Amino acid sequence: MAIPCHLLKACGNFIFAAQGSSIHSLNSALEHISTWKYPVKQGDEPSGQTTEPRDSPALEGPPTKRRKVEDGQESASNGHAIDSANGQGKTKSVDKYAHPAYEKPFIQGLYATTDGRHLVAITGSDKTIWVFEHDGAGNLKQLSQRAMPKRPCSLALTRDNRTILSADKFGDVYALPLISSSPGATTTANTSHPTPTPPPLSRSATPSLPPKPQANELTVHTKRNLRALENQKISLTRKAQQQQESQQQQQTTQPQFEHILLLGHVSMLTAICVGTERVEEEADGAIREREREYIITADRDEHIRVSRGMPQAHVIEGFCLGHEEFVSRLCVGPGGRQEILVSGGGDDDLFVWDWATGRLLSRAGVLEHVKRVMRESVGKVAVTRLLGCRWKGRTCVFVVVERVPAVFLYELLEDNTLQHRETVPLPGNVLDVEVIELPGAAQRLLVAVDCSFSTDEPEKSTSSLIVLDKQEAAWQQTKVENLPAGGDINVSEDELQKILYTTESLRKLSDFD
Amino acid sequence: MGATKKDRRQKREDYRAALRQEGVSELPRKKFYRQRAHANPFSDHQLIYPPHPDQMDWSSLYPDYVVDEAQDQQTPAPEAPPDQLSAPLKPKRISKDVEVADIGCGFGGLLVALGPTMPDKLILGLEIRYSVTQYVEDRIKALRLQNQEAKLYRNVGVLRANTMKFLPNFFRKGQLSKVFICFPDPHFKARKHKQRIVSTTLNSEYAYVLRPGGIVYTITDVPDLHEWMVQHFEAHPSFERVSEEEQEADPCVEIMRTETEEGKKVERHKGQKHVALFRRLEDPAW
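Those sequence lines, one after another, are chains A and E. Numbered according to the UniProt record's numbering, the first sequence terminates at residue 513, and the numbering increases by one at each position without gaps. Numbered according to the UniProt record's numbering, the second sequence terminates at residue 286, and the numbering increases by one at each position without gaps.
No wet-lab data here; the hints were simulated from the structure. A quick note: this is a predicted structure, and the numbers were derived from the prediction, not measured. Cβ atoms here follow ideal geometry from the backbone N, Cα and C, with glycine treated the same way. Among the clues, some could well be false.
[Unchecked claim] Here are the simulated lysine to any residue pairs, SDA-like style, with alpha carbons at most 20 Å apart: (1) K173(E) <-> A356(A); (2) K380(A) <-> P51(E); (3) K508(A) <-> L47(E); (4) K192(E) <-> Q338(A); (5) K169(A) <-> K194(E); (6) K270(E) <-> N225(A); (7) K189(E) <-> D354(A); (8) K9(A) <-> T114(A); (9) K9(A) <-> D115(A); (10) K96(E) <-> R144(E); (11) K270(E) <-> H221(A); (12) K169(A) <-> S235(A); (13) K6(E) <-> Q35(E); (14) K169(A) <-> K6(E); (15) K150(A) <-> D68(E); (16) K270(E) <-> P186(E); (17) K30(E) <-> Q146(E); (18) K273(E) <-> E259(E); (19) K189(E) <-> A356(A); (20) K508(A) <-> Y49(E); (21) K194(E) <-> E437(A); (22) K239(A) <-> F188(E); (23) K392(A) <-> G440(A); (24) K264(E) <-> P186(E); (25) K169(A) <-> R159(A); (26) K189(E) <-> L226(A); (27) K96(E) <-> P63(E); (28) K173(E) <-> K150(A); (29) K223(A) <-> K151(E); (30) K173(E) <-> W286(E); (31) K151(E) <-> D120(E); (32) K189(E) <-> A228(A); (33) K173(E) <-> A113(E); (34) K150(A) <-> L261(A); (35) K192(E) <-> P149(A); (36) K121(E) <-> N40(E).
[As the list claims (entries may be wrong)] Output of the computed footprint for chain A on chain E, the stretches with three or more beta carbons under 8 Å from beta carbons of chain A: (37) 40–52; (38) 166–177.
All chains, please: the whole structure from these sequences, using the hints.
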């Protein structure tokens, strides 16, 4: 099963395209420069990274949630596991990673610093954030690999390009430095913050106390529960002894790198971005202008939350409320309009917000335009990409909808309304879209498509990148053919579908029960 | 077994239907409203909540406070100009905003006790369990009928809601002056700690709905949970703990100790009650 490119990121004069678990780099003429590949795990790890607390079976502290293992092909993957592990007596967790899709997790997000010197990527099933250095010529050098406590859904970078904000499936946002200090040397490097740094939030109250039952004779009343409490106490003291012994051998399972909990929703986070607001303030008689940073987070429960930036991320400034289905994408400051936030998700419309006040400015229909493309009846849409930019001298937002073979172009007008301008049909479902800036202010549009469904020209559908040039009234489509084959991951078509199209599954199933 | 179960459900429905008829002022009986003590706050349930606090229709909860729009025509709305986009259907306005919230109100003991002591404030109970919410609804209805002359309990209401997820859907920034968290589910297992109603990340939401100077009241009979709540509120830069003297001088504390159903139960079992109050601080300069 050929895997299409599914993520694009422009970075200066270069384009990075993720295909499965590899990242290709291309120059602006779309010539292939190099490819980074996910390091293959073998007996001895060649990557030489030690900061990966894979779920080892011997855990202490709160036990981690049991994760769902994809069913099907289980017998095959078991055999594979024994081969690769050289028959070492490894436990179940090995089987899980021996599965091809787990061994080489897909890249789920690609982000670039504004200076173009670093690229950040998320891989899905291993919950890892990767940081690469970009040498300015299209080559990537892996700097760090950090496995987060929960799977990151979306990342953002602060304006100074020094901190990564990671929004995860558990609803929490963590801040981690872009350039991580060496693992192990976790000194309290809080020097970058101004002096009144609030204590970092923490979820666990007292992590390493000897375990004791949280109930006591005064909170338990029935005879049976009292007996259970007695038994619990006995078993806990026994366990504590065992643990003390094992503690000398093993350190905590907490990640060893610096990461601070900033804020959290009680809902799966879907998007995070950083907004800036210019404020004028009078200091010593002079009017000074400065920028305030805000963290904007969106979740599956229709909320968009605006919190202050670090180090006051615990202060919620407001909410942008009005969505009636999940929010899956945020786009702040399209084309330099910093005060504007465009959001999309499972609703029929895109929402345009004045995010600093939480006021809804306008709505723009998506479903109506999708209906025109799909011909067959479509009842709902799930927005998967919102790309805000200056396009041909206008402030535009390119919109991608899950399982729809077209890109929708909207223009943000002066009166803060989004006007649908064009629908660009494509030969396959669109996965991502990016603008290529060429010298002389020329612009091209690069689109990643999944052509696995287009039955016509089966031999030509191997390329998944298409360049679009606007000429007069028509769009000239050119396929990018020179990419190296990315079929190094063996996944079935069903699995690929599951990995590529995840947004619609965020919808709540209330209409069925 | 099956038959008796069905019987019981039928009885329950008959009882509630009879009670809901007009003019019945009998207090509801708990045995027809029992429900499992725990609800998963992460699941979607089938909740009804407004997309935005401006779209919340409070008129059915506090019918005595509904503003007669016809009379009110001359005086335009004091708040922001009517926003066509965010409020397509403008609900009936009420003359006051809810100011006191009891999160996880259970069978409503605290609500019913607070109502007459704060006659000028609107009090709202929030409960995630459907049957229990129904009970409190029927209880308030009966009490209103029983105290028709004195016009008591008109300022008390109850809603089914998952506050861990949807608190900002009901309340605007700084709308509340008091939040009660009484005998919350202790969630003993470490893995379930995120389900606790108090956590440092959730405290940011309580800070959002509370005005500066507003108070969070907590009480529990589980010492570990008490420690947990104190630790997490004290660690949050938006809150400070209220001193012991001030705590004991607050009349709400006594009501919270003696009037909640759980408080009475702990009393019967001669358990301990741990109280802690936290004040919402002003946000720092920014």
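For each hint given before, does the structure comply? Return the numbers of the non-compliant ones in rising order. Hint check: 4, 7, 12, 14, 15, 19, 21, 25, 28, 29, 33, 36 fail, others pass.
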